[in-house]
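**Q** In order, the protein sequences belong to chains Y, D and W. This note's numbering puts the first residue of the first sequence at 1, with every later residue one more than the last. This note's numbering puts the first residue of the second sequence at 1, with every later residue one more than the last. This note's numbering puts the first residue of the third sequence at 1, with every later residue one more than the last.
To be clear, the hints were calculated from the coordinates, so they are not data collected in a lab. Heads up, a few of these hints could be off.
Straight-line C-alpha distance at most 25 Å; calculated SDA-like pairs for lysine to any residue [claimed, not checked]:
(1) K42(W) with A221(D)
(2) K271(W) with T234(W)
(3) K105(Y) with A221(D)
(4) K36(W) with Q655(W)
(5) K105(Y) with G72(D)
(6) K146(D) with M385(W)
With the Cβ distance kept under 7 Å, some of the chain D side facing chain Y (calculated, not the full set) [claimed, not checked]:
(7) Q10
(8) P13
(9) G17
(10) S71
(11) F90
(12) A171
(13) V199
(14) K200
(15) G217
(16) E218
(17) S233
(18) N236
(19) L243
Where a beta carbon is used, it is the ideal one built from N, C-alpha and C, also for glycine.
The chain contents come next:
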Amino acid sequence: MATTTSPATRPTARSTTIALKMVMAVTGAIFALFVLAHMYGNLKLLWGEEAYNDYAHHLRTIGEPMLPYAGLLWVLRIVLLVSLVAHLWAAFTLWGRAERARSHKYAVKKRVRQSLSSRWMRWGGVFIFVFLVWHLIEFTIVRVDVSGKPVPDNPFQLVVDSFQVWWLTLIYVVAMLALYMHLAHGVFSLNQTLGWTNTKGTYARAKVLGHVVAAVVVVGFLIPPLAVLFRLVK
Amino acid sequence: MRLTLKIWRQAGPDVAGDFVTYQVDDVSGDMSFLEMLDVLNEQLNSEGKEPIAFDSDCREGICGMCGLMISGLAHGPEVTTTCQLHMRSFSDGDTITVEPWRADAFPIIRDLIVDRSAFDRIIQAGGFITVNTGAAPEAHSVPVPKANADRAFDSAKCIGCGACVAACPNASAMLFLGAKITHLGEVPQGQPERDSRVVKMVAQHDHEGFGGCTNIGECSAACPKEIPQDVISTLNKDLRTALRHGY
Amino acid sequence: MTETPSRPLVHDLYFEGTPIKDTKAPNVSIEQMWTKREFDAKLVNPSNRRKLSVIIIGTGLAGASAAATLGEAGYNVKSFCYQDSPRRAHSIAAQGGINAAKNYNDDGDSVYRLFYDTVKGGDYRSRESNVYRLAEVSAKIIDLCVAQGVPFAREYGGLLDNRSFGGVQVARTFYAAGQTGQQLLIGAYQAMERQVAAGTVTPFTRHEMLELIVVDGKARGIIARDMVTGALETHLADAVVLASGGYGNVFFLSTNAMGCNVTATWRAHRKGALFANPCYTQIHPTCIPVSGEHQSKLTLMSESLRNDGRIWVPKRREDCEKDPRDIPEEDRDYYLERIYPAFGNLVPRDIASRQAKYMCDDGRGVGPLVGDFRRGVYLDLGDAMRRMGKEQLAEKYGNLLDMYQRITGENPYEVPMRIYPAVHYTMGGLWVDYDLETTIEGLYAAGEANFSDHGANRLGASSLMQCLADGYFVLPNTIRDYLAGGPFKPVADDAPEVVEAQRSVQERIDRLLSIQGTRSVDSFHRELGNVMWEYCGMERTEEGLLKGIDLIRSLRDEFWRNVRVLGSADTLNQSLEKAGRVADFLELGELMCIDALHRRESCGGHFRSESQTEDGEALRDDEHFLYTAAWEYGGDEPPTLHKEDLVYYAIELKQRSYK
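When you get a sec, could you build the whole thing from the sequences and use the hints?
**A** So this is what it looks like as structure tokens:
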């Protein structure tokens with residue numbers, strides 16, 4: 001095989017798959033920080049209606065009067081939206097590359113080291129995305145009260161109404177399991193992609209970090225809905 | 001022992017292939033997997049059937065020429081090359097499926113033989129230190145801390161067999177790439193070209209049609225030289241640094 | 001070669017021709033010779049270099065380093081290898097290390113000592129001038145490799161570590177764990193790939209050279225087969241370099257790679273290049289013993305293990321079946337330490353190998369019975385383990401010990417390893433002068449493919465040194481003297497020499513495919529190997545060699561009547577590839593036996609039972625055999641022997657003694 005080919009254009013770091021992975025990593029890191037903060041806010045539910053609603057209100061008034069009402073929230077929303085688009089774009093681009101990289105599949109293929117979470121990154125991600133769309137419709141964009149009652153103005157009440165419905169809580173529990181897997185591998189993976197795991201020690205710590213972050217987020221997220229479901233919060 | 005083999009046969013690069021089933025009797029545990037295939041080929045030859053084409057050369061686990069997907073595992077069930085896999089790892093009555101490496105960047109040439117010249121082109125893109133014969137300074141003029149020298153060596157153990165690509169669900173060659181980047185990045189002599197090297201090599205890797213890495217670790221698990229996944233982190237770090245330096 | 005008119009037929013086997021002489025080494029003291037030759041060799045203007053083309057066969061240490069260096073210089077290089085990548089060449093399997101006269105340990109090493117050790121190790125059958133040059137450039141190799149990023153072993157201070165290696169008493173061997181060959185080859189491969197990117201080197205992988213094209217007495221190109229498509233390609237150039245390795249695979253079982261072959265050099269030999277000292281074969285003492293009939297190759301354990309391992313067999317035959325751990329110290333015969341107290345387990349390879357054979361012939365071999373014979377002796381790391389601990393031992397030899405365990409299924413940290421000699425390296429090869437040019441003008445040979453530096457026996461860690469010396473430093477400086485006379489007159493694609501070469505290759509392939517006999521290529525190869533091992537192996541006798549020649553002739557005859565090569569010529573066809581190689585081995589084997597027969601002395605790796613001292617040591621006969629035997633191909637006629645007298649100016653000729 002004497003034929004040699006090389007890229008036609010001068011290669012740049014920007015245009016590589018690793019740069020795409022870095023987009024995944026950075027946007028993923030933003031989401032990881034976001035879900036940590038979100039989880040923290042949700043826990044306010046345990047302190048009762050007033051604390052929770054104050055928190056929801058405070059989110060909108062941070063930075064006033066320097067920022068307009070809900071200014072920071074909109075900044076965050078834009079950052080998150082851009083991150084989401086970038087995360088999805090990079091993910092689907094890499095997914096497509098991977099499919100094309102092996103168009104003829106193996107008849108027999110065993111898995112040796114891949115974890116459940118790493119295996120479910122793509123479909124799990126798709127599931128989380130679908131869940132996210134529903135979650136936003138339910139609590140932010142449209143505001144739906146699945147219990148059938150008229151939609152209350154009060155954020156606390158909407159949450160309580162919703163999670164008293166067992167199947168909605170179940171959907172959230174399943175979504176949180178998906179989030180656990182996505183975060184467990186995602187947090188480790190972003191460390192690896194950003195090049196912070198160059199030694200055996202840092203590599204092992206990143207693996208642990210993934211599970212710790214995932215566990216904290218998911219447990220934190222699950223406490224309020226379950227508390228509502230079991231009538232610990234009314 | 002007696003084994004049933006389902007082996008991928010494909011007469012040439014552009015024709016369709018399929019599995020053909022063979023029986024091999026009297027397999028001894030001391031045989032290597034390839035010696036078992038030699039025995040099968042002798043059998044086929046005596047029956048007037050064309051032998052199965054497969055690559056191998058040194059048969060001592062270092063040249064990287066051999067490589068088969070054995071029942072879904074690159075190089076089979078042990079952490080070693082196919083040539084160093086011995087039949088004592090199998091049991092009487094086993095059915096073994098043998099396939100070539102499958103990746104679009106490694107087109108099949110015939111039967112179990114694939115074209116791995118993409119690896120050579122990745123090295124051509126920058127997997128070297130630019131020094132002409134005659135231009136080298138005295139070897140002791142630059143001491144290399146042992147830790148760096150050791151990591152450079154551990155990464156340089158890569159034999160370029162392609163098992164990482166074969167095992168990776170994305171058919172990515174990042175372990176191969178990471179091993180070379182780490183080897184050359186750990187020695188002082190490799191520093192001047194560090195940024196341009198990583199960019200060129202990754203670009204060539206992508207151009208060849210390998211997939212991206214999703215950090216799941218099948219590559220390291222399949223690597224006969226046990227190259228760890230942290231070399232991919234070093235690769236990523238080098239690319240990030242290059243990005244920062246404006247490459 | 002002009003023949004003497006009478007052409008005496010010796011032994012009914014060969015003619016004796018006129019002596020041959022190296023005319024290229026300058027007539028100055030040995031220390032100044034290389035400097036003078038580098039100066040005298042004509043220069044090629046950099047702008048003219050790209051008009052000059054060089055074909056290089058083989059991409060091992062010699063071939064890849066030559067391709068890289070000639071590419072860097074700006075010549076137009078075409079590089080060929082039969083493997084799928086240049087990086088796979090069998091240099092990659094060399095384990096132990098590379099020698100260099102750096103004297104980093106201040107233990108009395110010097111260029112002269114390395115030169116002296118190499119000549120002595122080669123049992124005074126190598127050419128002084130070449131060996132001195134080898135020692136002289138050795139230090140530069142280490143510098144270059146370090147600059148390329150080769151990860152040699154280092155000490156905690158960051159400086160390079162050295163060890164002492166088979167047969168010498170100074171620590172001059174640089175190493176990278178047990179994978180030195182791999183690391184050096186990857187360095188050379190990368191340097192070569194850099195030139196591929198630069199456009200000066202064009203790689204032709206999965207290509208096998210099947211014929212040399214000689215026009216007006218000059219090597220001008222090759223016929224190569226594209227092993228994927230089966231196409232026969234003609235490649236023309238101003239010079240051809242053969243760096244195609246050794247021919248140990250003539251023994252079928254050897255430590256060579258499956259594909260190693262003699263075809264490139266043998267084709268050149270048939271076209272007129274003299275083949276020197278074909279019988280000089282090195283049998284490596286520390287290989288993993290044969291386990292059964294299916295065996296396709298033998299695996300070497302680096303003899304660096306002999307630094308820390310002690311070799312022994314049971315004193316009593318009845319102990320041979322016992323678990324070695326149950327044999328008490330006083331019942332073990334550490335025979336090398338007993339016979340050679342000064343060197344002990346570090347005696348040169350040929351001595352260590354032969355002694356192992358004697359022990360097994362004496363019925364004291366260990367391991368499983370293969371046939372009715374136990375082929376193995378113990379290499380015991382027990383003392384080293386007690387001294388260094390398991391961890392340090394693993395750091396030093398880990399990969400070797402793992403490999404041993406993988407192959408044998410035994411744990412070397414607990415049970416003494418078993419070793420037995422195996423064919424490892426061939427000192428013989430194409431005859432070359434000081435410039436590494438063969439007797440065909442414009443045809444050069446480098447690395448193991450030539451005969452030049454190791455005499456009758458090669459010292460450990462010297463082959464990597466020689467290959468890289470040839471490829472990086474020697475050949476690029478000598479070939480320019482020839483290329484300066486070019487570019488030579490272009491050869492037309494339909495020149496009679498080209499057409500004839502194409503025709504002969506095609507005809508041979510057609511013939512191999514048309515025989516359709518009953519025996520596989522491998523079965524012939526295996527049988528040839530048995531004959532060679534039996535009659536031209538570790539110990540050779542006149543009677544055995546004559547018998548060997550007869551057997552080879554009839555086997556060759558049967559091969560061309562009864563081989564079965566299936567498939568076609570226009571696809572990838574591994575049986576066809578092997579058939580061509582075995583056909584050449586069948587011719588080479590006979591020449592090796594003739595060479596071994598004519599050399600009625602023992603020297604280095606060549607041991608003739610008729611020539612030994614009272615205590616069974618090899619006995620040289622300097623009076624009659626102080627020469628290199630260079631053989632001229634005779635076609636249907638017997639070959640013709642040309643002697644190159646060996647003259648020692650810088651070293652006093654001595655009977656080698658390691659006692």
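**Q** Output the indices of the hints that this structure fails to meet, ascending.
**A** Failing hints, ascending: 1, 4, 7, 8, 9, 11.
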